[in-house]
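Colleague: Protein chains in written order, with the numbering used here: chain C, 1 to 335; chain A, 1 to 294.
FYI, nobody ran anything at the bench for these hints, they're computed from the structure. No experiment lies behind these values; they were computed from the predicted model shown. Please note that the accuracy of each hint is not assured.
As the list claims (entries may be wrong) - Distance ranges between label pairs, derived from CB positions:
{"no.": "1", "chain 1": "C", "residue 1": "GLY254", "chain 2": "A", "residue 2": "SER2", "range": "27 to 33 Å"}
{"no.": "2", "chain 1": "A", "residue 1": "SER58", "chain 2": "C", "residue 2": "GLU335", "range": "17 to 23 Å"}
{"no.": "3", "chain 1": "C", "residue 1": "THR319", "chain 2": "A", "residue 2": "GLY16", "range": "41 to 47 Å"}
{"no.": "4", "chain 1": "C", "residue 1": "VAL201", "chain 2": "A", "residue 2": "PRO109", "range": "30 to 36 Å"}
{"no.": "5", "chain 1": "C", "residue 1": "SER20", "chain 2": "A", "residue 2": "PRO244", "range": "55 to 61 Å"}
{"no.": "6", "chain 1": "C", "residue 1": "MET218", "chain 2": "A", "residue 2": "GLY69", "range": "53 to 59 Å"}
{"no.": "7", "chain 1": "A", "residue 1": "SER129", "chain 2": "C", "residue 2": "MET311", "range": "55 to 61 Å"}
{"no.": "8", "chain 1": "C", "residue 1": "ILE331", "chain 2": "A", "residue 2": "LYS127", "range": "33 to 39 Å"}
{"no.": "9", "chain 1": "C", "residue 1": "TRP334", "chain 2": "A", "residue 2": "GLY16", "range": "45 to 51 Å"}
Note that the Cβ used here is the ideal one computed from N, Cα and C, for glycine as well.
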Amino acid sequence: MKKFLAVLHARNMEFLRDRSALAWNLAMPFMLVIGLAFTFSSSDKELYKIGVIGGIEKLHSVAPALQATQHLQFIAYDDLNAAIAKVEHHQMDMLLDVSGAPKYWVNSNSPNGYLLERIVWGTEGTHFAQQLVQGAEIRYVDWFLPGILGMNMMFACLFGVGFVIVRYRKNGFLKRLKATPLGAFQFLFAQLVSRLLLIMVITTIVYSGCNLFIEFNMQGSYWTLLLVTTLGAMSMISIGLLIAARTASEELAGGLLNLTTWPMMLLSGAWFSLEGAQAWVQKLSLIFPLTHMISAARAIMNEGATLSQVMPHVLVLATMSVIFIAIGAFIFKWE
Amino acid sequence: MSPIITATNLVKQYPGVLAVAGIDLAIPQGLCFGLLGPNGAGKTTTIEMLEGIQQQTSGTVLYKGEPLGARYREEVGIQFQHTALQEFLTVRETLELFKQLYRRTLPIPELIALCSLADILERDTRKLSGGQRQRLLLALALINDPELIFLDEPTTGLDPQARRNFWDLIKLVKSRNKTIVLTTHYMEEAYALCDEIAIMDKGRIVSQGTPTHLLAEHFADVVLQIPVADAGSKLAELGLNVMPTGEMTEIRTNRLHHVLQLLINNGVNLDRLRIRAWTLEDLFINVTGKKLKP
């Protein structure tokens, strides 16, 4: 424990005294959140999103004229309650249920819902029964905040740990530590905890700071959010440790880290929803810890999801953390 | 004296390169043992296998008669040739960090005094001069009060003054009955510090013993040095073993009295005559056929 604490303290000091790195770690997410909030706060959508319960194929026979209308995006859903919640939060403009007697849900406060209702009447007549829901809109900034913070955490976790360990190995510091009684697991765990503490503190500062300007939506529990983000950060740090476990070249490490971060950035739903994407893309996205962290954080913040509701994500993140750090410690080389 | 560390038929094979080709060593306790050799001779590979940093391809290394293990890490001190420290820490913080990694340690104030670190304690380790940095690295190697200390080219890159100061430090450590294994390019360093040396070439030990013994064994003659201007052209006619070396003419002989008489009889000016002692550098060239390059 004494050794672990000594290495942890030293790494924390190194990070906190590296003012340029610290400033960048704080400034970048601030700039991203604030910048994107202003950029996209009044953006117009070209497509109307319509959820479909009962299958897109059946929609073809029930509402062919509607389906042939341009600029509409149909997304299949199985879970009626989850789909209705999306209409409530203005994340979806309309929900159609063609599994039985045709009916639709729109949000009485949604302009898009109002317009879509007219389109349905114009194309299909009135054989769809109207169902109304109510609920305040979830702003784009509320939707993308977990994504942007998650993405920033991902970069800080992977590059912050991966590059640092490769640098230690390259400049001989790891070799110096190898000559001491310090164990590989103690060293790696100290790196993990150090990075985790720093990331959580920085993310909290960024969230709180941005919240002063943009009052974010928060429907759920901060404790549940803390658990999800902590596990998410741990799993991504573990990936960084895994990549750095044997790599001695910063160029190779950079390539491997980019190879890991780019698919995560594009396919984890950080920037855009994958609801309309092909099924295999949605399945592929589930191998990334960032997907689980962002999905759970969005559910907690925007829909008030409880711990039990996000438990599948929590379990996946915890399992990933354990597996990655175990493999990383097993294959770790000091030199 | 019983050996503190022994190596038996130590071999290190890299793909396509035999770095160490079967070395046997037994280093007695309390001795300063020097490992010398040209670049690529296998010194660092050998010392790193003795340190337990590199795994040998075959052969055994025993510390106090036992294979290297957790106890070894606690009782050995190492100063690597190339190393880095945690950045953004002061000298004091670096000492504190390494102190926490061992069970048994020297008191920090004692280390500070021993390695003359008092003036630089609060300095960022990235801002140390070469000599200050080497003193800190030596302090880290001594922090666990080791019985066996490895110093891999500890004075390479230091100016002559800093090097001599470092020698004094090593002598001080040696006076505490520590066993030191030292590699160096500097022959005068080996002569000043080492009780016993081994010269390596092409992965093998080609000569081993005390410096005095090795010099006596390899050189039975002496070297006379006469400025070229004083020697004139007569020396070549006298049938002497003459070697011109820049501004001096060197005469190698094991019949000193006879040669001196010959030079006097032939009117050679001996006012600036010098008798040069054989050095470890001569020995090194003699056994390896190579010059040392620091």
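Colleague: Each of the hints needs a verdict: does it hold here or not?
Modeller: Now the hints, each set against the structure:
1. Separation of GLY254(C) from SER2(A) is about 51 Å and departs from the stated range, judged on CB atoms against 27 to 33 Å.
2. For SER58(A) and GLU335(C), the Cβ-Cβ distance of about 20 Å falls inside the hinted range of 17 to 23 Å, so the restraint holds.
3. At roughly 43 Å, the beta-carbon separation of THR319(C) and GLY16(A) lies within the given 41 to 47 Å, and the hint holds.
4. For VAL201(C) and PRO109(A), the Cβ-Cβ distance of about 35 Å falls inside the hinted range of 30 to 36 Å, so the restraint holds.
5. Range check, SER20(C) to PRO244(A): Cβ separation about 60 Å, and the 55 to 61 Å hint holds.
6. Between MET218(C) and GLY69(A) the beta carbons are some 54 Å apart, a value that agrees with the proposed interval 53 to 59 Å.
7. Checked against the given bound of 55 to 61 Å, the beta carbons of SER129(A) and MET311(C), roughly 58 Å apart, stay inside it.
8. Roughly 36 Å separates the CB atoms of ILE331(C) and LYS127(A), a value that falls within the hinted 33 to 39 Å.
9. A hinted range of 45 to 51 Å for the beta carbons of TRP334(C) and GLY16(A) is inconsistent with their spacing of about 24 Å.
In summary, the structure is inconsistent with hints 1, 9 from the numbered list given earlier, while agreeing with the others.
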